[in-house]
Amino acid sequence: MNATEVQDSYVGQFQDHAEREARRPPPWLRRDRAGAMDRFVVAGFPTRRMEAWKYDVLAPVTEEPFILSEPSCIGLDPEDLDPLLLNRGEGAHLVFVNGWFAPTLSAGSALPRGVRMGGMARRMAADPAELLPAFSNEEAQPDHGFTELNRAMWQDGAFVQLGPELDPEWTVQLLFLNSESLEPLLIQPRNLLMVEAGCRARVVETHLSLGRSAHFTNAWTTLLLERGAHLDYQLWLDGGPHARHIGSMRVTQAADSVLEAGLFALGGRLTRQEVEVNLSEPGAECRLHGLLAATAHQQVDFHLNVRHAASSTTSHQEFRGLADGHGRGIFNGRVWVAPGVREIVSGQTTRNMLLSPEAEIDAKPQLEIHADDVQCVHGATVGSPDEEALFYLRSRGLDGQTALALLVEAFVGDVLNRGEPEPLRDWMKQRFNAWRASP
Amino acid sequence: MLNVEGLHAAVGDRPILRGVELTLRPGEVHALMGPNGSGKSTLVHVLAGRPGYRVTAGRATLDGVDLLAMEPEQRAGAGVFLGFQHPVEIPGVSQQLFLKTALNALRRRRGEAELDASDCRERILRATRSIGLEESILSRSVNAGFSGGEKKQNELLQMATLTPRLALLDEMDSGLDIDALARVSQGIQALRGPDRAILLVTHHQRMLDWVVPDRVHVMIEGRIVLSGGSDLARELERRGYGWLMEEAA
Ligand SMILES: Nc1ncnc2c1ncn2[C@@H]1O[C@H](COP(=O)(O)OP(=O)(O)OP(=O)(O)O)[C@@H](O)[C@H]1O
Ligand SMILES: [Mg+2]
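Chains V and Z, in that order, give the protein sequences. Residues are numbered in the numbering used here as their position in the first sequence, beginning at 1, plus a constant of 3. Residues are numbered in the numbering used here as their position in the second sequence, beginning at 1, plus a constant of 12.
If we strip away everything but chain V, and leave its shape as in the complex, we get (with noise of 0.2 Å):
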């Protein structure tokens, strides 16, 4: 299939979704996905001559169609969850399998006061006017074929509602799975996350799969901090050599919130990843790391996108790329400094690693700076593993594999040992290990 009969096929299904959305949604919803579908069509999915999608080689979701994906019952138990899940301690797990919430797969200590979470079909339902706001938020409006892909047709998500009093030790674990299927799925998950004033929560955001099947993942995220929040949160996409996956989040910071957020993406056959960050009031800061990882033929790609919209805003940026085999890397960290603002700190640095001869990363720093108050440091390197390094290694007696995973651990340890608390930094590395042990 090409790209516009791909296009047709959700035209189609979107009549079909229509039709079949078994609670009526409001009508400001109806309206919302009938504009968004009408854009879509008009604009059609990305292409390579956008500036924005240069590096991208979309065939991998534009090029076969994906099946609007239905609430399935997996056959799972709680237990079968247990390797997947981080909380040990004190916390919660909401599980969405094939984008769909499941409840009886979710579980958690007692919600503490001033928490509500749940799936966001079922928040639609019970209270969409709710909704409504954050779902209009001007900021936070789709500007590309995919996001109006999502936005005419989400069907689940996570809606999550963090209070002041939370222990910031309570930890949100929002796991996406994806289970083996005959038909390639289109998964849509819409999700809102709101951190009230004043409070210090911990997020932990997974991606994964049960099987290899090649379900497509078109995620739309929307973070709120308001004034004075603090959220750590971690995204974890690592869902399989045969994963497709594009997330759109869109973070809107009030004055002096902090984000502090690990980005992760292990591979998948085609996975980007765009994070917009908003710090539109004063004292607003985030704080960004994370590694981008492919190998054999997966490509991934992180967008990001930090605009310093008001006076005394700060962001870091810390980045890691790793390609291995015939995987791509591309990296492109925007900065963006409004007119006339002051006291503005932006540091970016990125570093990559390339293990293969065919393996390529592309890294980019876009900096945008209409205003002289601002101090901006930033860095990108692309090389190969220190040969004086494995050659030292090697002359102890370490052979080259063991050599050059010591230093390829050492590389990625700056960003994968940030992760707090211990038990999510050892479940990282452990998964990142699997990762570059699987062929």
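Hint data in this document are derived by calculation from the structure and do not stem from the laboratory. Note that the Cβ used here is the ideal one computed from N, Cα and C, for glycine as well. Some hints could be false.
Said to hold, decoys possible - Not everything, but these chain Z residues come out facing chain V in the computed CB check (under 10 Å): (1) Ala60; (2) Arg62; (3) Phe96; (4) Val100; (5) Ala114; (6) Arg120; (7) Gln170; (8) Leu174.
Following the hints, put chain Z with the ligands in place on chain V, whose structure we already have.
Okay, now just chain Z with the ligands, sitting in the frame of chain V:
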């Protein structure tokens, strides 16, 4: 123990070693001296198997086994240890993990059972103390941010942990202050043993006051042009290399 015969090696098309002859017997310490650029580091690198050098002629055997046919890690397994003139910094790899991994890798290669974590730690601690290093050095990253003296001592720590049969020590005395020089020299002297041979590459007599060599060799333009007893080093300190270079020419 170590036999080097007619060894020629090149980098690209450029010959650097031009027929090195050298024999070390168990228990012996030999010093290798010679002007800058004469090929001393190249010789020890070629013996340790560093990539980038092409052996064009000659042989090098350890206890009769062909070293040149082996990978660097196999040579380490056979008992070769290279003390680097410029130890490599490896941020993010902890010394403790590095030493433990190396120790067990060598034990496997030698057909010995691997040591468990506490035995490993015990050995590494013992070696650390014997070199006079603080234990805290073990929790740091390999050579990262080490002072010049610490780097050289750290090479000795690895040697003391890995107990090689043949140690090729490249300028362990360069860049050290007087006290560090004494510590490092004493460390080497303490690692002398009846079953071990040591080749000390050095520019100065100072270290040889502590570690008195059995033989001293002078390399010029990729060849050993003169060998003698420990007195030779003192003579070189007095006379320099000029007279030898004229003779070699
Ligand atoms: N990898 C290399 N590439 C190019 N040239 C090299 C390489 N290694 C060594 N050489 C050259 O070979 C010659 C011998 O170098 P080597 O380092 O062995 O000398 P050295 O005797 O150890 O000198 P020094 O006393 O200064 O340490 C030098 O001219 C050096 O530039
Ligand atoms: Mg040298």
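A quick look at each hint next to the structure:
1. Ala60: holds (5 Å)
2. Arg62: holds (5 Å)
3. Phe96: holds (7 Å)
4. Val100: At 4 Å from the nearest chain V Cβ, Z/Val100 passes the 10 Å test, so the hint holds.
5. Ala114: Holds. Min distance 4 Å.
6. Arg120: Interface hint status for Z/Arg120: holds (9 Å vs cutoff 10 Å).
7. Gln170: holds (6 Å)
8. Leu174: Holds. Min distance 7 Å.
No hint from the list above goes unmet by this structure.
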